[in-house]
Every structure is written in structure tokens, then in C-alpha cells.
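Enquirer: Quick note, the sequences are listed as chains A and B, same order.
Its first residue numbered 1, the first sequence is counted upward by one per residue in the UniProt record's numbering.
Its first residue numbered 1, the second sequence is counted upward by one per residue in the UniProt record's numbering.
One thing to keep in mind: the hints can contain errors.
[Said to hold, decoys possible] Some chain A residues close to chain B (C-beta under 7 Å, calculated; not the full set):
id : residue
1  : ASN207
2  : PRO217
3  : THR332
[Stated by the list, open to error] Here are the simulated DSS-like cross-link-like pairs (lysine-lysine), alpha carbons at most 25 Å apart as the crow flies:
id : chain 1 : residue 1 : chain 2 : residue 2
4  : B       : LYS98     : A       : LYS394
5  : B       : LYS15     : B       : LYS107
6  : B       : LYS103    : B       : LYS63
7  : B       : LYS103    : A       : LYS128
8  : B       : LYS98     : A       : LYS206
9  : A       : LYS206    : B       : LYS142
[Stated by the list, open to error] Stretch-level coverage of chain B by chain A, calculated; a stretch enters the list once three of its residues show a Cβ under 8 Å from a Cβ in chain A:
id : stretch
10 : 5–16
11 : 52–65
12 : 121–134
Read the hints as simulated data drawn from the structure, not as lab findings.
These numbers come from a predicted model, not from an experiment.
All residues carry an ideal CB built from backbone N, CA and C; glycine is no exception.
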Amino acid sequence: GLFVWRLKGAGTRHIPCHLVHLCRAANHRLITFQYFNFLKRMYVTQCNKDLSQRAKPKSDPVVSPFHELQQLDQEKKVIHKISPVSPVHHPRPETSGRNELGEGKSPAESEASATAARAEPREDRQWKEMKLRLDELPGILARLSKIKLTALVVSTASAGFAMAPVPFDLPCFLLASLGTGLASCAANSINQFFEVPFDSNMNRTKNRPLVRGQISPLLAVCFAASCGVPGIALLTLGVNPLTGALGAFNIFLYTCCYTPMKRMSIANTWVGAVVGAIPPVMGWTAATGSLDAGALLLGGILYSWQFPHFNALSWGLREDYSRGGYCMMSVTHPGLCRRVALRHCLALIGLSVVAPVLDVTTWTFPLISLPINLYISYLGFRFYRDADRSSSRKLFFCSLWHLPMLLLVMFTCKKSVLDKEDKGDLLGKGESRGRAMEIRLP
Amino acid sequence: PPAHSHNDWIGPPDKHSNLRPVIFYVPPEESPLERRLREARQEAQACNQRFWARHNCAFQQEKEEFIYSRLKAKGLEMRDGTGQKATLNAEEMAEFYKDFLSKNFRKHMQYNRDWYKRNFTITFLMGQVALARALRWLRWKKKNVE
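Make the full structure from the sequences, and use the hints.
Expert: This is the structure we're talking about:
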């Protein structure tokens, strides 16, 4: 069936689209890295509004997979070279039968390998031993937990924390961020655990650790448990039970609802949007301890954002989705896909207006955010009308900078706690506006 | 894979199924539990391989047929004057993708159920084997200490 979700401050929560979307942004790894970098700067130095990150040169995420392959190839070459040398060295205490076999074979093997190495070098080199190497483990676990996506999830949770109308509490903030990060790692690992054969078949995901056999499924599950349990415990005991419950619910929603649903019905996109909206709500509840309208608003903004972001991205991946058996709107209901994207771009404008009504921000927020919201809505409209690759790409790339900008503007327009106390005071209002202006100046 | 290795070996992705084949190591004193695990993994691998190879080949074939029939309807040849392969644009292909997905929906549902069951079983067996090995090692350690 088709689901239409109305978002005007309704009690829907949105999970950081990044959980969903960056997973899908295979070909846009460069951009996601830039995006991540941009976000990092945003949350470390709140005053810096420099947006010239696109000029950043190609960096690690694109280089490292090739690096790894090269390293492994070199390892293989070393293995081939070692065999001629082994008769000279003292044989290691393996089972005697095997050793003799190894010894007897190695001189012949070395000659054979020398010639065969030229004949089938690539084939041989591509066979890897399924042994867990401890020095590779951090990298493997980082990829298993989709560390960049996790970092973005934690950023949106921090945004939720920052927007909460309470004095900033650093220990609570750190605990909430850590707990959210661990929960996200756990959820992502389980997702990869479920999707091995499908990931193998899609270009974007075929280099994941479980697909490449770098780690066993058992270890992946143990890792997920060892992240998830402490993460949720940290949130429940170190922050508050509400945040812990939200975290646990989010993990459940992502792994047990969204992941199987991807192959069953297009409704998965809506579930995924909820998954993306929950972290900022978690950040807010971590700060205040209760589920206010402001939390739901922040969740609502992220929920709405998911749709233009993901629908635009999925437009270019239709072949892979079709072959892989994924039920996505872009494949089965293309008209709906574009309509929903446009609808939610417009909803973002509406939600920005609701923010000052709920006392989350001052009235400068809808005014300042109007240009970027209008721009993304315009691109959403172009996508709706043209339905081609270029408009989908434009919308997708716009969504990448639109969200950090929006959250940044929201933070600078945040209604100060002091202002709330003397709300009726005109002077207070003037001060807040003045303060917002001060923060905006570079 | 070398004969002296004690581990499984994983190879490059298969041309048709895109899955990486695994050559399983059979230890000389393999317990019944370990054998069950290995056989489950081999069976899952074979099943996956069969499914995806057939599925991907069907996709390629149907895609070619679709392109051919559409080009023919438009009065074009498969290869144009310069010898380049003629292709349809994304919107025309979208129809094919939608059709292909809905045609194979039931097949995918069946495969999903199958895969999830196998995945859980294999991982659970792995857990049991790991536990058994750990207990064995502890017992051996205790014996050595005494």
C-alpha cells in the first residue's frame, strides 16, 4: 500500500537518514567524506560557516580500498617468495605429516609457482586466507559498523542535544554521544550481517568486510552485541531510561523492520526515515529527560529531509535495486517517488515555521532558512518535473549541504534559556535577535 | 590454496553470481558438530551460487531481449553506424526494471526466508563450535598445568 505521512509537527520521529542514505551513497563516497568533514567542522567550530569544502582533493576513503588490495597483493607475493626459502629454514612444529608434505612440495612448488605465478598470477593472488589478522581488525570493524555513517548519526544526535533548552552539560553530552555511537555501530553491523549475498551483488556494497570474508558472521554478531549492549546500558543508566529506550527501539527498527522490509515493500523508506529521525530526538531527551514538542519537531525535520535525499539518490541506482530484488519507490512507483520528495521539501519549509511557534528558535530562523528551503524545494520541483539523472543528482547533492546548513542556522537562532523566562519582555526579544545577529557575523 | 593451510580460503567474486567461493578446510579430527557446520556452509554456498548465477543471467538475458525488442520497435539496429552498441535511455529502461522486479518478487521472498534461516543456523552453529573449542582448550590447559 501507499503511505502518506503528514508531518506538521506530528509525533513522527526521524532517524538520521544517513543510516539509510549513506549506506546507499556508494558512488558518492567522496562526497560523503566531504560531507562528514563539513559536519565535523560544523560541530567543532560553530562559528565557521565556510562552505568551500567541495574543493577538497580526493582523500582516504577512495584511496584506501585500493591500498588494501595492493597490500594484500604484496603479501601474496611475499608468500610465493617464501616457499623456495623454507627448506633452508628450520621447519616449524606443525603436524609431522603435513610438514613433510609441505617440505617435499616446496622445492617443486617454488618452481611450479614461479612458472604458474606468471600463468595465473591474478587468479591466485585473489584467493585470500580466511584468517583474522589483528592488525587489520580496527579497519575491518570500522567498515563493519559503517563508521562514517555512525559519525553522522552522532552529529545529528548532538544537534538534538544542542537545541534542547537546557544549560549545556558536558558529561551528559559525551555519554549520550558515545551511547548513540555504540548503538549505531551495533545496528549497522547487524544490517551487514543480514545482507551478505545482496551486498555482494550491488556495486556500492560489494567491498564490505563480511562479503569479502575478512571477518566471520559470528564475530560480526559478537561485535554488534558488544557495542549494542554497553551502548544501550550507557544510555539507560548514564543518561536516562527514555534515551536508552529510544536507542534500543531504533536498533530494533533498523535491523528487524527496515532491513527485511527493504526486500518486501516500498514502505521501508518511511520506516527508514523514522530510523533517521530518532537520533536527534535521543539527543534532546538526553538533555532534557522528556519528549517535548521540540524533540518531535527536530525529528520531524530530519524525517522530512530523508525523502528528498534518499529518493534522489535511489533514482540513479534503479538497475542495481531491480536486479538485487530491493523494493524501492524509484523502481516500482517512480511518480510517487518524485511526488514524495517534493512534498517533503515543502514540508521542511512548514516545519521551519513551526520552530519559533514551539519556542525552539526565534522568528529569525524561518526567515534565514527560507532561501535554502526554497532552493531545495525548487530542485525538488525540477526533479518532479524532469525526472532525469541530472535533476536527481542536483537534488541529492543539495540535500547533503542543506541539512548541516539548516541545523547550523537553527542552532544560531536557538532561543536562549534566559529569553524564555522573560518571554513577554520586549527587551528580551530584542536581545535575542541581537545575539543571533552577533553569532551570525563571521 | 596451499595444502599446508589450516584455514578456509575465499576467492574472487564469481562471474555470474558475484559471490565469493569459499574452500573449506577439513581438519583431521573434525568433530560431528564441526562437520555439521561445514556442511551447512557448503550447502548455503551452493544454494546461493545457484540462485544468484541463474538470477543474474536471467536479468542480463531479459535486459538484452528488452533492448532488442524496443530498438526494433523504434526501427533501429542493435549497433549503429559507428559499431557502438545502441542503448535505451534511463526512462525506457525503468519500465524494464519495474517489470523485472515485480516478476521476481515471489522468488525473492522465498529466497529471503531461506537465506535468513540458513544464516541464523550457520551463525548459531559457529557459536556452538567456538564454545566447544574453547572448553576443549581450557580442559587441555588444565591437564597441562597438572
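Enquirer: Among the hints numbered above, which are violated by the structure, and what are their numbers in rising order?
Expert: Checked against the structure, the hints that fail are numbers 1, 7, 9, while the rest are satisfied.
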